[in-house]
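Chains S and Z, in that order, give the protein sequences.
According to our numbering, the first sequence is numbered sequentially starting from 1.
According to our numbering, the second sequence is numbered sequentially starting from 1001.
Read the hints as simulated data drawn from the structure, not as lab findings.
C-beta: ideal position from N, C-alpha, C; glycine also.
Hints may contain errors.
[As the list claims (entries may be wrong)] If we take Cβ atoms under 8 Å as the criterion, some of the chain Z residues that face chain S in the derived model are:
1) Leu1032
2) Ile1036
3) Asp1112
[Claimed, not checked] Quick list of simulated restraints, FRET-style, between CB atoms:
4) Pro293/S with Ala1265/Z: 49 to 55 Å
5) Leu1276/Z with Gly331/S: 29 to 35 Å
6) His1269/Z with Arg155/S: 46 to 52 Å
7) Ala1226/Z with Ala156/S: 48 to 54 Å
8) Val1254/Z with Gln239/S: 53 to 59 Å
9) Ala308/S with Ile1102/Z: 58 to 64 Å
[Claimed, not checked] Chain S stretches covered by chain Z per the calculated footprint, using a threshold of three residues with CB under 8 Å from any CB of chain Z:
10) 70-84
11) 218-228
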Amino acid sequence: MTETTGAINASLTGDGQARGGPTGSDGAAVQVIELRKRYPKSPADAVAGVSFSVRTGEVFGLLGPNGAGKTTTIGILTTRVRPTGGRALVAGVDVVADPVAARRMLAVVPQRNNLDRSLSVRQNLTFHASYHGVPKQIRDQRAAALLEQFGLGDRAGEKPDMFSGGQAQRMMIARALMHAPGVLFLDEPTTGLDPAMRLFVWDRIRELRAAGTTLVLTTHDMDEAAALADRVGIMDRGQLLALDSPAALVSRLPGERTLDVRIETGDQTDEQQCALVIGQLTGVVRSESVAEPGGPYRLRVSVKGEAAGFVAPVAQALVPLGARLAGVSLGEPSLEDVFIHLTGRALR
Amino acid sequence: MSLVGEQAPVLARRSAPAVDRVGAGQVFLAILRRDITVTGRELPAFLAQVIIQPLFLLFVFGKILTQLGYARHGYAQVLFPGIVALTAVLTGLQSTAFPLVIDFSYTNEIEDRLLAPIPLRLVALEKIVFAALRALTSAGVMFPIGVWILNGIPWRSSSTAVVIAVLVLGTLTGAALGLVLGTFVPPNRINIMFALVLTPILFTGSSQYPWLSLSHLRWFQVISAANPLTYVSEGLRGSMEPGVPHLASWLCLVVLAGSLAALTAVGMHGFRRRALS
Chain S
1 MTETTGAINA SLTGDGQARG GPTGSDGAAV QVIELRKRYP KSPADAVAGV
51 SFSVRTGEVF GLLGPNGAGK TTTIGILTTR VRPTGGRALV AGVDVVADPV
101 AARRMLAVVP QRNNLDRSLS VRQNLTFHAS YHGVPKQIRD QRAAALLEQF
151 GLGDRAGEKP DMFSGGQAQR MMIARALMHA PGVLFLDEPT TGLDPAMRLF
201 VWDRIRELRA AGTTLVLTTH DMDEAAALAD RVGIMDRGQL LALDSPAALV
251 SRLPGERTLD VRIETGDQTD EQQCALVIGQ LTGVVRSESV AEPGGPYRLR
301 VSVKGEAAGF VAPVAQALVP LGARLAGVSL GEPSLEDVFI HLTGRALR
Chain Z
1001 MSLVGEQAPV LARRSAPAVD RVGAGQVFLA ILRRDITVTG RELPAFLAQV
1051 IIQPLFLLFV FGKILTQLGY ARHGYAQVLF PGIVALTAVL TGLQSTAFPL
1101 VIDFSYTNEI EDRLLAPIPL RLVALEKIVF AALRALTSAG VMFPIGVWIL
1151 NGIPWRSSST AVVIAVLVLG TLTGAALGLV LGTFVPPNRI NIMFALVLTP
1201 ILFTGSSQYP WLSLSHLRWF QVISAANPLT YVSEGLRGSM EPGVPHLASW
1251 LCLVVLAGSL AALTAVGMHG FRRRALS
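Full structure from sequences and hints, please.
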């Protein structure tokens, strides 16, 4: 993996620095100020007054369920969606006032495959670079290096129309890197990929971070956000609910440990009563229903102290209610707990 | 939570890198090169696609009907400039309309170019210029085909400049009309659009008849006058076969320039609407 890191480093800095370094007085690579977007004929704002900034060299994650406004935010920052209010700056450039200058600084890996099916794999990369004015010799070198790094070297001459999701995704990331962008936006970079490909993409993202590229990614996967992002913004219904490092977000949760409790309910069981009774046990901070429609009844119980010590009291408390403890898993609180705490809903 | 606000105005200043700042012209040419590369690879298929229809029109109307005596001798000389005009305008139209509908609605292939550091209107302009190049190629190929099928075509070397000017404006106008159709017509209506738009353009563009000869059929003359193809047909016919009554070349060039400007403006607006949300 060291070799690959070196190669990406070289491809970004060999002929010139990665663009879009510190530009603002505080070195922010991305600034979003009271950003708002309402699509025509939509009753609500897709993005409803969001503000954040991303430091140069940082991996910034926007975490939230589908429809939270993540993709719209990325769309505005990458000049494809016009905001209805607020401001957005990429590398100090206002994306509304000067979209052309903004596009020089950024690259985007979209959620949907938008590869040029009329061009070969290599041409997808080299033409992208030529759209950004990269001289021929450099774009040829860079394409060769990136194709190798992304495991596409032996398919360089093929057309990408029959590519799998993973191959297309690798190709889109490689293409985005061809003009050495200062800020790389990745919209749901691993959605739909198999586990091996997901880890491959994670590795490449970590290498890019090591090479100094600023990355903004969206995900609805809390593990991905926790694994990759220096800081995570949690979005829901167009709003940014919290923003900090994954560890800080989790540490701010009132409960320190969690039990994920599956409950087999009887005919007479009042589910809300279960949550209430367990919530009143000594040492329990919160007890929230995270059941999915049609699924088994599930409670997320946050407790003070060792979670294991609460298994027996929970089981006992359920008996008088006509319910039975069917399963329990103990865990450290995660970003999902943060999301549940903020919204009262499970992330997925 | 790290929110921002106060220092925003300071950050708004432009700070594109001084090195390696790309000119819009260079980006425009790179995008044009992409389209030429793709078309160049499928040149025979492209030519077959755009030439078969005018070739048959020329053969059946110019040769067969004349030989059988259903059309007057000399009709082929009236028809040929009209068929070149039709090839020029319709190839231009189809070369923008079809790919744009597919690009914007299904493949999203164009997105990489929409993210190039160049104003969106120049990406739209590239579509027009490239479609006009395709249309000029297919119109050019019609000349040897005319010589072959009709055993000679009307030609006066003194009017070469006017022929080229009419063809350039005609192909650009057809391409601009295609940009309008390709960006304003919803994708699920594209089939009906081609039936409702393409066929009327094909038959009301004075390519099979001289416009001035319609004076006894006033309503159809008025309809034909609204079709930009009429001015390409008349402009070419006037230059190549001046014996046939025709509209003045200057009038054709002025109307085409005006149509081109108007359709380009509308098409660019439509393109922007589709490119941004």
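Hints that the structure is at odds with (numbers, increasing): 1, 2, 5, 6, 11
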